[in-house]
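A.B. asks: Given these sequences and hints, build the entire structure.
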Amino acid sequence: MATTIAGRRPGQPAERKARPYWNPYVAGFALGLVLLGGYLLLGRGLGATGAFSALAAWFASLVSPEGAAANPVHARYLENGPPLLEYVPILVLGTLIGGAVSAWLAGRIRFGIDSGPGIGRGARLALAFAGGALAAIGAKIALGCTSGQALSGAAVLNVGSLVFMVAVFTSGYLVAFLFRKEWL
Amino acid sequence: MLPLVASVELSTATFLLLTLVGGIAFGVVLERAGFGSGCKLTAVFYGYDMSVVKVMFTAIVTAMVGLWGLAAAGAIDMAEIYIVPTNYLAQLVGGLVFGVGFVLGGYCPGTSVVACASGRLDAFAFVAGLLAGIALYARYLGDAETWIRANAIDDVTLVSLTGIAAGWWVALFVVALAAAAWGMGLAERAFARLDPRR
Numbered sequence: 001m002a003t004t005i006a007g008r009r010p011g012q013p014a015e016r017k018a019r020p021y022w023n024p025y026v027a028g029f030a031l032g033l034v035l036l037g038g039y040l041l042l043g044r045g046l047g048a049t050g051a052f053s054a055l056a057a058w059f060a061s062l063v064s065p066e067g068a069a070a071n072p073v074h075a076r077y078l079e080n081g082p083p084l085l086e087y088v089p090i091l092v093l094g095t096l097i098g099g100a101v102s103a104w105l106a107g108r109i110r111f112g113i114d115s116g117p118g119i120g121r122g123a124r125l126a127l128a129f130a131g132g133a134l135a136a137i138g139a140k141i142a143l144g145c146t147s148g149q150a151l152s153g154a155a156v157l158n159v160g161s162l163v164f165m166v167a168v169f170t171s172g173y174l175v176a177f178l179f180r181k182e183w184l
Numbered sequence: 185m186l187p188l189v190a191s192v193e194l195s196t197a198t199f200l201l202l203t204l205v206g207g208i209a210f211g212v213v214l215e216r217a218g219f220g221s222g223c224k225l226t227a228v229f230y231g232y233d234m235s236v237v238k239v240m241f242t243a244i245v246t247a248m249v250g251l252w253g254l255a256a257a258g259a260i261d262m263a264e265i266y267i268v269p270t271n272y273l274a275q276l277v278g279g280l281v282f283g284v285g286f287v288l289g290g291y292c293p294g295t296s297v298v299a300c301a302s303g304r305l306d307a308f309a310f311v312a313g314l315l316a317g318i319a320l321y322a323r324y325l326g327d328a329e330t331w332i333r334a335n336a337i338d339d340v341t342l343v344s345l346t347g348i349a350a351g352w353w354v355a356l357f358v359v360a361l362a363a364a365a366w367g368m369g370l371a372e373r374a375f376a377r378l379d380p381r382r
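Note that the protein sequences, when read in sequence, are chains A and B.
Position 153 of the first sequence, counting from 1, maps to 153 under my numbering, and the rest follow consecutively.
Position 116 of the second sequence, counting from 1, maps to 300 under my numbering, and the rest follow consecutively.
Any given hint could turn out to be false.
Looking from chain B toward chain A, a few residues come up when the C-beta cut is under 8 Å (computed) [as the list claims (entries may be wrong)]: (1) Ala-209; (2) Ala-263; (3) Glu-264; (4) Ile-265; (5) Ile-267; (6) Val-268; (7) Gly-278; (8) Gly-290; (9) Gly-317; (10) Trp-366.
Per the computed footprint, the stretches of chain A lying under chain B, defined by three or more beta-carbons under 8 Å from a beta-carbon of chain B, are [to be verified]: (11) 87-93; (12) 104-111; (13) 144-157; (14) 162-175.
Calculated from the structure, these hints are not laboratory results.
Computed from a predicted model, the values in this text were never measured in an experiment.
For every residue, glycine included, the Cβ atom is placed at its ideal position computed from N, Cα and C.
C.D. replies: Structure, rendered in structure tokens:
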């Protein structure tokens with residue numbers, strides 16, 4: 001990591017320290033207002049997995065338009081015009097922009113790998129890929145993820161969303177011990 | 185009358201512009217909460233940093249109180265609010281699978297976007313995994329998808345299921361958040377030794 005910045009004056013810290021995170025209850029209140037705003041203006045909560053579903057459907061339609069249109073998973077994203085010009089894909093585009101601007105302003109853009117100290121880079125990347133695949137399959141089965149189900153659904157007392165949230169944390173805590181070498 | 189989309193005819197461009205602004209706010213808040221980091225997110229499963237639950241629970245209660253208050257005042261028509269259909273078996277099994285993916289991968293789909301924006305290479309691997317997982321699901325579980333959607337029921341809420349008024353549930357969630365905040369403080373002190381940064 002290059003810490004020497006051209007034109008650095010003496011006394012300036014070699015590595016700029018990232019600004020602290022928000023207090024989690026303050027961040028939660030702000031996230032609640034964003035979610036509330038979505039419901040009040042657009043009549044919908046937040047979501048994320050739908051953007052990846054739309055992207056996967058679009059890729060599939062590039063490979064084989066007939067095959068994608070005949071697939072029950074992909075077809076629903078291809079029926080109403082361009083799959084990426086829909087609510088959740090545009091929301092996630094905004095999330096990418098907002099995340100990048102916020103991370104940049106806070107001095108938190110860092111090209112690296114997040115893991116505990118005891119695991120190699122290659123292993124962590126492989127586990128991240130496998131985890132992403134499992135998370136996607138789980139979200140597809142459950143008709144939503146932590147955003148679309150847990151967060152948005154719980155706020156409107158949706159029973160299925162509460163079942164999903166309890167299931168996520170139950171299995172997370174059950175397997176956390178097995179994966180402790182990845183994170184601790 | 186709220187929601188806005190039910191009373192005002194929005195053009196597609198206006199709708200998507202509002203959506204983009206909402207997404208930017210979503211991204212900023214997730215990033216400021218620290219959710220662009222897989223270590224911070226998975227810490228919840230080891231007890232030494234419960235931020236994930238604190239943020240989610242507070243957000244849920246905030247939005248819930250706001251919606252309930254506006255509905256009680258007659259300012260919002262809850263029938264116009266989209267609610268994800270309920271299929272208990274799907275949401276139980278999907279949640280169990282998702283939880284494993286969360287711990288293993290370090291992110292959930294929304295937070296992986298913020299982590300990519302922060303430069304995390306493992307988040308890019310996670311996103312590639314998401315796309316691969318959807319492709320696998322589409323290839324091998326199309327029949328499951330058809331069954332799940334055919335057997336999903338619309339608008340099953342705690343209110344419609346139990347007949348107990350929304351206000352009582354909102355009050356219960358507020359009390360539960362206060363109790364959870366106290367319990368999480370205890371957990372963080374009890375498991376502080378697990379924090380690898382110490």
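A.B. asks: If a hint holds in the structure, say so; if it does not, say that too.
C.D. replies: To see whether the hints hold, each was checked on the structure:
Hint on Ala-209/B holds. Least Cβ distance to chain A is approximately 5 Å, under the 8 Å limit. Because the closest C-beta pair between Ala-263/B and chain A is about 10 Å apart, greater than 8 Å, the hint is violated. The interface hint given for Glu-264/B holds, since its Cβ lies 5 Å from the closest Cβ of chain A, which is under the 8 Å cut-off. The closest approach between the C-beta of Ile-265/B and any C-beta of chain A is roughly 6 Å, which is under the 8 Å cut-off, so the hint is satisfied.
The restraint placing Ile-267/B at the interface with chain A holds, with a minimum CB-CB distance near 5 Å, inside the 8 Å limit. Because the beta carbon of Val-268/B sits about 5 Å from the nearest beta carbon in chain A, less than 8 Å, this interface hint is met. A least Cβ separation of about 3 Å between Gly-278/B and chain A falls short of the 8 Å threshold, and the interface hint therefore holds. With 8 Å as the threshold, the beta carbon of Gly-290/B comes within range of chain A, its nearest partner Cβ sitting at about 6 Å, so the hint holds.
Hint status for Gly-317/B: holds, given a least beta-carbon distance of 3 Å to chain A, under 8 Å. Hint status for Trp-366/B relative to chain A: violated, with the closest Cβ pair at about 13 Å, above 8 Å. Counting residues of the region 87-93 of chain A whose beta carbon lies closer than 8 Å to any beta carbon of chain B gives 5, which meets the minimum of three for the stated coverage. Check result for the region 104-111 of chain A against chain B: holds, 5 residues qualifying (beta carbon to beta carbon below 8 Å, three or more required).
Closer than 8 Å: that is the beta-carbon criterion, and the region 144-157 of chain A has 14 residues meeting it against chain B, so the requirement of 3 holds. For the region 162-175 of chain A, the stated coverage by chain B is satisfied: 14 residues place a CB nearer than 8 Å to a CB of that chain, which reaches the threshold of 3.
Figure legend: structure checked against the earlier numbered hints; hints not met, in rising order: 2, 10.
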